[in-house]
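With the hints as your guide, set chains B and C onto chain A.
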Amino acid sequence: MSASRRDFLKLSGGAITAASLPFLKVLPASAASDVIVAVMGQTINSLDLHRTGTNRPSYQVAVNVYDRLVTFGTKVTPNGSVSYDYSVIEPEIAESWEITDSEMIFKLKPGGKFQDGSPITAQDVKWSFDRAVSLGGFPAVQMKAGSLESPDQFEAVDDLTFKIKLIRPSKLTLPDLAVPVPFVINSKVALANATDDDPWATEYLHKTPAGSGAFKVAQWKPGEQLVYERNEDYTSGPIPEIKRVIVREVPSPATRRALLERGDVNLSFNMPNKDAKELSEVDGLAIQTTPIENSIYSLCPNLGFDAFKDKRVRQAIAYSVPYQEVFDAGAYGRGEPMWGGPSMSPSDIAWPQKFPYATDLDRAKDLLKEAGMSSGFDVPLSISLGQIDWMEPVALLIQENLANIGVNATIEKIPSANWRTASLVEKRLPLHLETFGGWLNYPCYYFFWCFLEGHLFNSSNYRNEEIEVLTLETLHMPIDDPDYAPKIKRMIEIIWDEVPRIALWQPALSVGMNGVKDFEYWFHRQLDVRNLKGV
Amino acid sequence: MSGRYKTISLRIAQAIPVLFGVVVVSFILTRALPGDPAVYFAGASATEESIAQVREALGLDKSLPEQFVIYLGDLLRGDLGQSISTGQAVTDDLARRLPASLELTLMALFISCSIAVPLGVMAATKPGSLRDHICRVIVTAGVSLPTFFTGILLIYIFYYLLGIAPSPLGRLDFIYIEPDTVTGFYLIDAALIGDWETWFGALKQLILPATTLALFTMAPIARMTRAAMLSALSSDFVRTARAAGLSSSKILYGYALHNAMLPVITTLGMVFSFTLGANVLVEKVFAWPGIGSYAIEALVASDYAAVQGFVLAMAILFVLLNLTIDIAYSLIDPRIGFEER
Amino acid sequence: MSMAPTTKSDGFFAHIFYVLRGNPITALAFILLAFFIVCALFGPLIVPYDPLASNTSNALKPPSSDHWFGTDNLGRDVFSRVIVATRLDLLISVSAVALSFVIGSILGSIAGYWGGWLDAILNRLLDTIMAFPLFVLAMGIVAALGNTIENIVYATALINIPFYARLVRAEVNIRRDAGFALAAKLAGNSDLRVLAVHIFPNALPPMMVQISLNLGWAILNAAGLSFIGLGVRPPTPEWGIMVAEGANFVISGEWWLALFPGLWLMLAVFTFNLLGDGLRDIVDPRKRT
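Chains as they are written, first to last, in our numbering: chain A, 168 to 702; chain B, 3 to 343; chain C, 6 to 294.
Please keep in mind that the hints were generated in silico from the structure rather than gathered at the bench. Note that the Cβ used here is the ideal one computed from N, Cα and C, for glycine as well. You may find that some hints are simply not true.
[Unchecked claim] In silico SDA-like cross-links for lysine to any residue, where the CA-CA straight-line distance does not exceed 25 Å:
| id | chain 1 | residue 1 | chain 2 | residue 2 |
| --- | --- | --- | --- | --- |
| 1 | A | K444 | C | G258 |
| 2 | B | K8 | C | G258 |
| 3 | A | K388 | B | I159 |
| 4 | B | K206 | B | P101 |
| 5 | B | K64 | A | S301 |
| 6 | A | K410 | B | I179 |
| 7 | B | K128 | C | F22 |
| 8 | A | K444 | C | F22 |
| 9 | A | K444 | B | Y158 |
| 10 | A | K521 | A | L639 |
| 11 | C | K66 | B | G196 |
| 12 | A | K274 | A | N246 |
| 13 | B | K206 | A | R429 |
| 14 | B | K64 | C | L150 |
[Said to hold, decoys possible] If you want the footprint, here are the derived chain A segments under chain C, 3+ residues with CB under 8 Å:
| id | segment |
| --- | --- |
| 15 | 235-248 |
| 16 | 303-309 |
| 17 | 556-568 |
[Unchecked claim] Interface residues of chain C toward chain B, partial, derived using beta-carbon atoms under 10 Å:
| id | residue |
| --- | --- |
| 18 | P49 |
| 19 | P53 |
| 20 | R129 |
| 21 | L139 |
| 22 | A148 |
| 23 | A149 |
The shape of chain A in the complex, shown without the other chains (with noise of 0.2 Å):
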C-alpha cells in the first residue's frame, strides 16, 4: 500500500504529467493533498457534449477539458460558498470583444495553446461553432437560444479574430458563448480523424477529447471512473491547484455518504437533501448548498385534463398542496420555499419568487364548489422514478392532502426514460412534478420554456395570449430597457392567478467535501474541478 503511493508519488514529480498517458498505472492515494477523489451517481457516457446521446453529466467534460470563447465570472455568495457570477463575463480563449447590433467580434488571445500545444486560431473556433449547430440535437437548439443558428453566422476574419453575425440583437446571445456548448475544438486533430460518413468526427472526439481546457482526461472507464490531470501548460486561465482528480461513480446514495464520511473520498457531488442536512452538522465536513438559479421545482396541473382546464380547480390544488411538509420531507429544509407570498401581484421582477399560495384546505374546497366540482374527480399524479428520493415523499404528501378536499389522486412512477417522452414530448401527465431549471438567468427565458404554448417545458399545455406576446417581447429585450419590469411583473401576475404551475420550492445543489474546499457552483449542474483547492 504505501509503496504504491510513494511510487505514485515520485513518478508525479514529472514523469507522468509530462505525458498524457492513456491509461494510468498508478492511481492515487486518497489522502495526497493535491489528488482529489470526487464521487457522484451517474455516468458519464460521452467525452463529446455535442455527440447524439450523451447525457447531462457528461457536460462536465466540456467544462473541464474544453474552453469557450468568454466564460462567467466567480463570486463568493453570502452564505460564503463559491459560484459563478451571472452578471459579469470574463475573456477564456477571447482576451476582448466588441459587440455591435449587427455583429460580435473577438479577438482571441495570442499565445492561446490547445493540450497538444499547437494554437488556438479562429478557424478553430468556427469549425468548433459549426460543428455546435449543424450536428443536430440539444446542442442546436440551445445554440438557438442565444440567436446563433447557422454556420453563415460565423466567420473567421484571420488567425485570432472571430466574428459572428447577428441575426438580432439580443441579451441572450453573450451569455450563451458561455453555457457548455460552444466549446472550442482543436480542428486540426478533429479533421484529422474525420471520416466521409463522419465529417464532424464525432467517433474520435467521443473517446477522445481534443481541447485546451484546464484538465486533461487521462483516463477514462465508462461506468467506472474518469481521471482528470491537470493541464500545466493552460493558457485560457490560472492553472488549477489539484494535479489529479478522479472521478468515481459510485450509484448507491447510501454508500456514497458512507465514503464522504469516512474520508475515503474527498467530494460528493449532488448529495441527497437529507444527507446534506444531516452531514452539515458533521465536524470535518464541509457541505455546500447553493440554491439553483432560474429553477424551481412545481406540480403542474395539465390544462389537457378536463378537471384543470378551470383555472379554479388549478388554485384549488395550490392552496390544498401541505408546502412546509412537503418542503421538509422533500428538500429536508435545502432550498428556498416558494410558497406563501404576500400578493397576487409582484412588487419586483425577482424570479423565482414566492407565489401566492398557501396551505388552506377551506379555500381549496370553496374554489372546487365554485368551479362545481365539489364531488371531487379522480386523477393519476404521476412522478418519475429516476427522482424518486424527492418526489415520492412530495407526492404521497399532495395525495394525502388532495383527498380532503375530495380529489382522490392515485401515484403513477414512471420510468426515467419515459418520462421525458410522457412529460414533456408528449405532454399527457394530468398532474405531475416538474424541475425546469433555466441556464441563462433571466424570468421571460423561463417564460419562454415553462409558459409558452408547444414550448417543451410547458408540460401543463397552457397557453394565455397576453404571456405569448409579452414572453417573445421580453426576450431579446436588454433588462435595463423601461419596458422590461412592467412586462415582466404583469407575466408574473398572470401564471400567477392561472397557476398553470404551482410552486413548491426553488431546489439547491448540495455537494459535500471533506479535505478540499472552494467548489464552484455552476448554472449547469455538472462537477466542475477547476477552482477546487485542497485544505
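Coordinates of chains B and C only, in the frame set by chain A:
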C-alpha cells in the same frame, strides 16, 4: 467415440433454436419497453426536429421488421451495436464487464461451497439431529434474505461501523495498480505478474460482495450435499466398506463424499447460472462494474443494444454451461447417455 | 395443503402430528405460517395506526412504546405498515405461484402425455425461457408492461413456469404407459380424463416442495423489483419496497426502516422454505430421513 461426437453435435444443434428464440424475445421485449430512446438522448430542451434527428441517427425511424433484419445482420457479423447509455460498443462493454461478474460469482461460489459442503456432510452424518436442524436453519435463513439488503447491512457493519472492510468502491481501491488485462480477472492477472499487493487489494474488495452472494447460494448446495451424502451412505458399497472395517472418516470422506460429488456439481452448475443473473442487485449496491449493473442501467434507459447484448451473452453462457456439464458428466460417468429424457 | 393425498383422514392427521413432533423445525414453520395467515386476514384490523397516514412532525423516530418499529420519513408507523403489507405480499406470491402451477401443469401434462412434436416445441420454448437471466427477464416484463401488481404477478409466474412444466412432464411421461393408466384407458376413459384424474395427481407430491420454495422466491423477486424501482405503487405498503427504500437510510442511522420489514420478509421466505421439507415429509413418508 463417434457416437459421442454425434450426440454432442446434436446437442449443439438443439441450442441453436434456443439462441434464436432468445434473440427474438429480447428484440421484442426491448421494443416493448416504455420510453423513446430518441427523446431520452436528445437531452434537455430538445425540440421536435432535434428528437427526429436523434431518432434517425439511432435507426429507430425504420419499421420493426426492418430493424430486426438489420439487427440479425449485425449479429452475424459479431456486431452487437452501440450502447447509448455508456456510449461504447456493446461487445467492448461486455468484454470488460463480464470478467468482473464472473470473478465475483466464482468467488461467491467458492466461499459458499467451502461452507455449505461441510455443513451438508455434517448434517448427513446425523439426520434428524439438532446438528442437522441447525444446519438447515442457517442455510435457509441465508437464502431468505434479499441480497441487496444483506449487502447494505454488511457494508454498514463491516465498513461503516467497524472499518474492517475496504470502501465499497468496485473492484480495486485507488491506491492499487490495476494489473494488465490478460484474463480480466484481477486475481489471476495480478498473480501472473506477481503483484501480490494488488492481489490482496482485489481480494479485499471481493470479500463483502462475494459473501453477500454466498449467503444466498449456500442453501441449494448444502441441501444437495446432504441428500447426495445420505443416499451414498445408505448404498451398498458403503455398507460393504463398513463391514470391511474401514474407519468412519475414511468412509465418509474417501468414499461417500466422492460419490456424492456428481449431483453436487450439477447443482453447482445451476446455481452458477442463477447467481450470475441474481447478482444484478449486489453489483448495484457495491458499485461493482459487472454486467448485472450494466443490464439494470440499460433497461431503465431503454438502451436496446445493451439489453439485447447482455441477454444474448447470458444465454450463450447458459447454453455452454449446460453443454459442459452434460459432457463432463458423460466423461465422469459413462453410464449416462445423451438420449432425450 | 388441501391437495395432500386423501387417505383416511384420521390417519393423515395422526401422521402430520407425528411428523411435526419428530421435526420441531417443521412445526415451527407451521406456526409461523399460521401467524402470517392471521396477519394477512386481520392485519388492517389489528394495527394501531393507519399505515398510510403521514405525520411529518413525527418522522424518522426510532422504535418506542408508541411506535414499536419506529416511524418512516413521512412519519408513518412502520409496524402498522409491515403488518398490513402481509396480505399484499402473500397475495402476490400465492397468485404468481398458482398461475405458474396451473399453466406449467397443463403444458407439462400435454407434452408428457402426447409427446412428439408438441413435446419438442415445448421443450425448446422452456429452454428459451430458462436461457434468460430470470430476474432480468422479470425486470424487462414489468418495465415493458408497467409496474402494477398484476404485471409483477405475471412476470413472476412466467419465470417459474419452466420448473413446473419440467416436473410434470417428467412425472407424466414415466406413468403414461404404466399399468394403472392403461387399465383406466381400457375401461373406456378418455385421454383427458386419464391424464387429469389418474396420472396427474401422482405429480403433486414432488410439486409441493417446488411450490413452497417458489412462494418464498416470489416474495424475494417482488422485493428485488421494488429495489430497482419496479415494485408496487406507493403508498401501498409492501415489504420489498419498504426494505428497498429503507436501505438508503441505514447508513444515516435510521436502521429500523429497513431492518423490520427485512426481518419480516426474511421470516416469510424462511417459513415457506422450511415448509417445503415438512410438506414433503408429510405427503411422501418414504422420503423421510
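So which hints don't hold here, by number, going up?
-> 2, 3, 8, 11, 12, 15, 16, 18, 19
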